[in-house]
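Peer 1: These are the residues of each chain, in order.
Number of protein chains: 2
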Amino acid sequence: MELKGWRGCCRLAAVTIFKLKYFAMTPEKFSEINLINRIRDRFPLPGQDVIKGIGDDCAVFLMSGSKAGLITTDTLVDSVHFDLSWHPPEKLGRKAAAVNLSDIAAMGGIPSFALLSLALPESVEGKWLDEFFKGFHEMLQAHGVSLVGGDTVKSPEGIILSVTVVGEAEQNSVIYRSSAREDDLVWVGGPLGEAAAGLLLCRRKIPEDNNGRFQQLVNAHLDPEPQVNLGRLLSSTGQVHAMMDLSDGLATDLAHLCQASNVAAEIDASQLPISDAARDAADFLQVSPLDLALRGGEDYKLLFTASSDKSELLTRQIMKELNQEIYCIGKISPGQGVFLRTADQTIDISFQGYDHFA
Amino acid sequence: MELKGWRGCCRLAAVTIFKLKYFAMTPEKFSEINLINRIRDRFPLPGQDVIKGIGDDCAVFLMSGSKAGLITTDTLVDSVHFDLSWHPPEKLGRKAAAVNLSDIAAMGGIPSFALLSLALPESVEGKWLDEFFKGFHEMLQAHGVSLVGGDTVKSPEGIILSVTVVGEAEQNSVIYRSSAREDDLVWVGGPLGEAAAGLLLCRRKIPEDNNGRFQQLVNAHLDPEPQVNLGRLLSSTGQVHAMMDLSDGLATDLAHLCQASNVAAEIDASQLPISDAARDAADFLQVSPLDLALRGGEDYKLLFTASSDKSELLTRQIMKELNQEIYCIGKISPGQGVFLRTADQTIDISFQGYDHFA
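Protein chains in written order, with our numbering: chain S, 21 to 378; chain X, 21 to 378.
No wet-lab data here; the hints were simulated from the structure. Don't take each hint at face value.
The list treats identical chains as one, so a pair stands whether inside a single copy or across any two.
Pairs of lysine to any residue, SDA-like flavour, derived with a Cα cap of 25 Å [what the hints assert, rightly or not]:
#  : residue 1 : residue 2
1  : K87       : E190
2  : K330      : R201
3  : K147      : R58
4  : K87       : I71
5  : K87       : Q68
6  : K87       : Q191
7  : K87       : G67
8  : K154      : L104
9  : K87       : G164
10 : K154      : R58
11 : K87       : I130
12 : K154      : R62
Based on the provided sequences and hints, a complete structural model is requested.
Peer 2: Written out as C-alpha cells, the structure reads:
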C-alpha cells in the first residue's frame, strides 16, 4: 500500500490522495484538507486485491498473475470545466475521453475500455449529441478503446459528463508518482501553458483573425492529446521512476509528485518549454509566459523523473520511436518543495504557481 | 458478443443496450430510440477482452484465466433521482453505493472496489458531507468493497453523484439477462412496489405518524438493500438462466429481459409479492397496489428465471442459507412481450405498466 501521501503535511497529502483538481474553486468550507480529512476518516485502507488505492492518477488492482488493472474516472461539469459557447461538441467529446486516457498514460498503461455517464438537460439538441459522440468515439478509437457501458440521465441544468476508463499494464511496469529518487532529472512530454493561453483567449473572445493566429493554443485547450504512446514507451525503457500527467499546472502537479515521493525538485526557468505561440499570446494577453507554463492547467503532458545517467539515450529513443521531443526542466533533490531557479533568485513555488511570488 | 438487444424491435432494443432508466422523463427529442441510435451508430462492437459490452447490468471483461471482471456506473442527480428535502445524507450515501452494488449482484458477481465522482455546489455543508460519506462507506463496507479513487468537482447547481463499482465472478458463472429459456419460471427476490409507495409517501409529505406507520416503505425508497448475497447464491446453484435487477419496475425490466432473451413471459397477478404495508399505503394513497408492483421503480430486487424442475429445491436452499424468501411470479414462453394474467383477462404490459391498460 503506497499511501505516503497520507503522511507529512496534511494540505499536500490531501491533494494527493484524492483528485481534487477543481476544488480550489469552492469556498473555504470545502478546502481540500477539510474534504479529504472527511474522506480519509471514513474510508480505511483498501483490500488485498488493490495494489494502489486513492492517491495516484489511477487506482491499480490485481488482474492475472503478472497483469495489473488500472481504473480512473473524471467528471466534467458545464460552466465549470467547459463552456459550450466556445467548446464545439466534437472537441468536447474528444476531451472527455482524452482527460481519462491521460490518467492511464500517466501510469504507463494501455487503455482498454470506457464507460460514459451523461447527464443531459432538456435543452440539448440531437445535433449536439451526434457531434459529441463522434468526437468521443474518435478519441477512444484512436487508442483502441471500446465503449462498453454507461448511464444516461436527466440533468435539471447543464451537461455533466462522467467518464471511467479501465486499462492494464504489467504489474512491475506501472509507474507511480511516489517513486521519484534523489538526483533524478525532471522531464515534461511537451510544451507547457498552451492550454491555459487557449482558455484565456477563448474567455476574452478574441476576434476570428486572432483565433487563426493562436489556433494551436485554442486547440490545446479544446482538444488535448493524451500522451498514451509516450507513457507506454517511457514505462518500457525501465529508466522512468515517477510519472503523472499535468492537469493542474506544473507548480501544483510537481509538488504532488514530490510530496508523494518525499523529495524536493528544482526547476530551471530557462529550460521550461514555452512555444513561440504561447509567448506571443502571453504578450497579447499581457500575462507572464512563465506564469502560463507554471500555473496553467490542463496541459495533459506527462511529467516524469528518470535517472540522469542515460538522459541522452532517453531523448534519442523517444525521438526515434515517436518522433517526439521531451524536455528536461530540472532535477530532484533531497528535502521538500518545488523551487524555481531564475537568473537572479530561487523561489518556492510548491502548489502555488509563479505569480504569487513575483 | 451477445448483442441480441440490438436486433428486433428498435424501441425495445434501445432500452436494453444502454441503461436509460430515467430518460423517459425527457422530451421526445431524447426518446430512447433516438439517443440509442446515436450511440449505436457511433460505437462499434467492443474488442476481444470484452465479454459483454453495452446491454446488461454490468459490462463483463476478461481478467485472468477463469475470472471475469464486472463494471458498472450509475449517476444520481439532485432533484431528478433524489430530493434532499426528504433524503437524509447518510441514506443517500448508502443508496448511491447500493444501486451500483445491485448491478454487480444482478450478474451473480462479487463487488470489489468503487470509485466516487462527486459534483458539489457551494451550498453543501460539511455536516451533510460527513453523513453522506458515513452512509456510503457503511454500504461499501457491508459488502467488503473498498473506495479506491474518484473525482471531486464543483457543480454550479445541485449535487451529482457518479459511482463506478468493479466486481468479479467466474467467467462461466456470470448470469446475463439474455439467457432466459422457454418454460423457465420467473422469480423475484423480494416484495415489489415498496420503494414506489415510499416515494409517493415522501412526495405527499405525509405527517409523521403516517411516516411511522409506513416506515418500511419509506425506507425501501431511501435506503434499498442490494441483493448481493442472493445473486451469488443464485449463481452458484447453476439453476438460474437469466438475471437482472429491478430498477425501472417489473413491467419494464422483465420486458428488457424477454427482449434480450428473445422470449415472452406471463406473470400471474395473484402471485406478485405485495406486502401488507404496500397494500395499506396503496389504499391510503388511492393508487392500485398492482400498479405499484408492476410500474414502481427502484425495487432493487433481483429478477431471475430458472428451470421449473427444481424450484422447490431452490426456494428451500435460499431459505436455508440466507433465511430469505423468493417468489415465483410466472413463467417464460415462446414469443415476445410480457403478459399479465388476472382473474378475468390477460394483457400485454411490456414496457408500460399496468395502469396504461387498466
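Peer 1: Could you run down the list of hints and mark each one as holding or not?
Peer 2: Quick rundown of the hints versus the structure:
In this homomeric assembly, K87 and E190 come within 25 Å of each other (Cα to Cα) both inside a single copy, at 5 Å, and across copies, at 18 Å. When the C-alpha separation of K330 and R201 is checked against a cutoff of 25 Å, the pair qualifies only within one copy, where the shortest distance is 15 Å, while the shortest distance between copies is 63 Å. Taking CA atoms no more than 25 Å apart as the test, K147 paired with R58 passes between copies only; the shortest distance there is 10 Å, against 42 Å inside one copy. For the identical chains of this complex, K87 and I71 are neighbours both inside a copy (11 Å) and across copies (18 Å), given an alpha-carbon limit of 25 Å.
Taking identical chains as interchangeable, the C-alpha atoms of K87 and Q68 lie at most 25 Å apart whether they share a chain (15 Å) or sit on different chains (16 Å). For the identical chains of this complex, K87 and Q191 are neighbours both inside a copy (5 Å) and across copies (18 Å), given an alpha-carbon limit of 25 Å. For the homomeric pair K87 and G67, the shortest alpha-carbon distances inside one copy (17 Å) and between copies (18 Å) are both at most 25 Å. For the identical chains of this complex, K154 and L104 are intra-copy neighbours only, at 16 Å inside a copy versus 36 Å across copies, given an alpha-carbon limit of 25 Å.
Taking the shortest Cα distances, K87 and G164 sit within 25 Å of each other both inside one copy (18 Å) and across copies (23 Å). For the homomeric pair K154 and R58, the shortest alpha-carbon distance between copies (9 Å) is at most 25 Å, but the shortest distance inside one copy (39 Å) is not. Taking the shortest Cα distances, K87 and I130 sit within 25 Å of each other both inside one copy (11 Å) and across copies (20 Å). With identical chains, the CA atoms of K154 and R62 are at most 25 Å apart between copies only, with a shortest distance of 6 Å across copies and 40 Å within one.
In terms of the numbered hints stated before, the structure departs from none.
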